[in-house]
Amino acid sequence: MSDTPITEAELQAYADGRLPEGRREAIEAWLAARPDEAERIAAYRRLANEVRAAYDSLIAEPVPERLARAAAPRIPVRRIAAVVAWIVLGIAVGAPLGWQVRPERVVTQAVPDTTLFARRAAVAHATYSPEVRHPVEVGAEDEQHLVTWLSKRLGVKVKAPKLDEAGMGLVGGRLLPGENGPVALFMYQNQTGRRLTLYVRTEASKNRETAFRYARENNVGVFYWIDHEVGYALASADLNKDELLRLANLVYKQLEQ
Amino acid sequence: MDEAKRLVELIPRLRRYARALVGDRTTADDLVQDTLERAWAKLHLYRRGTDLRAWLFTVMHNVHVNRIRATRAVDPLEDDMPELAQPQRGPDTLLVRDLDRAIARLPADQRAVLLLVTLEEMSYEEVARTLGIPIGTVMSRLSRAREKLRAMMAGQPVVAKLKVVK
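Which chain is which? The protein sequence lines are A and B, in order. By our numbering, the letter at position 91 of the first sequence is numbered 91, and the numbering carries on one by one without gaps. By our numbering, the letter at position 68 of the second sequence is numbered 68, and the numbering carries on one by one without gaps.
Just so you know, the hints here were simulated from the structure itself, not pulled from any lab data. The beta-carbon is built from N, C-alpha and C at its ideal position, and this holds for glycine as well. One thing to keep in mind: the hints can contain errors.
[As the list claims (entries may be wrong)] Straight-line distance between alpha carbons at most 30 Å, and here's what the computed DSS-like set of lysine-lysine pairs gives:
hint	chain 1	residue 1	chain 2	residue 2
1	A	LYS253	A	LYS159
2	A	LYS152	A	LYS206
3	A	LYS241	A	LYS253
4	A	LYS241	A	LYS159
5	B	LYS5	A	LYS241
6	A	LYS241	B	LYS42
[Unchecked claim] Computed footprint of chain B on chain A, listed as stretches where at least three residues anywhere in the stretch have a Cβ under 8 Å from a Cβ of chain B:
hint	region
7	14-28
8	55-67
9	160-173
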């Protein structure tokens, strides 16, 4: 038996079953000689089990709607600043930020245009895809009108790809402001209500072509590419990367034609 | 961002802890909601790769402390346990109700430590970091919380330190 005195902290750790190896025997021997203390520590163990049992049912309970909503990333206007600051901070390599709550710091940094492109597409997706009543300005029933209108405003021929073979039907579209002028946003939805948006913008430099790139902004996945005078970004918060890639290929193929 | 997913996964644990911490369900869910809102607003301060759970519980702790201050709720004093009726602490069984009441009567500081160790099964170091207190304080609060809880559940009066009044 060790002669090291037994501390209250060790008794607590013993009650929690967290005592480092080697001390347990000493504690047990010490407790064996002191029935009152042994009973006290046993009671602590019992109580810990009872406390866990008392509240554990909450773990299995379905999460109330309002909490699920609070946990979901929303990017309405008042949040954009916070979200952008967060993303920019994420990019700032090695910024020595602790996870303890500290006064806010904002690091500004030049962001590459393509990163900004993906981000804009993600923000547009996050803004409009939760809309129940007004997800689009012009619905799919007026597709011809929608496409003609957007083509006219963007100054390039825009079309809404058909994604029915992937189970995605056109909801409609809307016009948005972008860095280089008007932007077209098409929205799609499958039968289970999962949504996908295609963000179409005109490019300042007309002779750039890029491969598919993938970005994740908040919980929105984005595949984007630039095809000469038009940039495309396909975004969804509801689909995983593989599903999104398959759809991006589908969109790309149709736009090539 | 995986944080969004993790955040959702952690909701049931936040709810469990909040429920044990504040008593009734509605207040607990209010606390969780405020915590999630604050977590989103402060997520840029979270350092990726570190323990999101501990960070989130820190946020919750701060929100909780601020709420208590804002509502000027009176916490039971360390050595003085007023017999206050606890509003609607959903009783499941008699034991659960008694336990729930006893936990509610612990001083807030001790209650938080006890619940993080027992319910969340955080290590003592994690508790110290989450609450921003030294580990020695964690151990002493844990010890006192347990002893009080044991006494209350055994139906004994909690031994209060003598106050010298002159």
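Evaluation of the provided hints:
no., hint, verdict
1, A:LYS253 with A:LYS159, "holds (13 Å)"
2, A:LYS152 with A:LYS206, "holds (18 Å)"
3, A:LYS241 with A:LYS253, "holds (18 Å)"
4, A:LYS241 with A:LYS159, "holds (24 Å)"
5, B:LYS5 with A:LYS241, "holds (15 Å)"
6, A:LYS241 with B:LYS42, "holds (27 Å)"
7, 14-28, "holds (count 3)"
8, 55-67, "holds (count 11)"
9, 160-173, "violated (count 0)"
Of the numbered hints listed earlier, the single one contradicted by the structure is hint 9.
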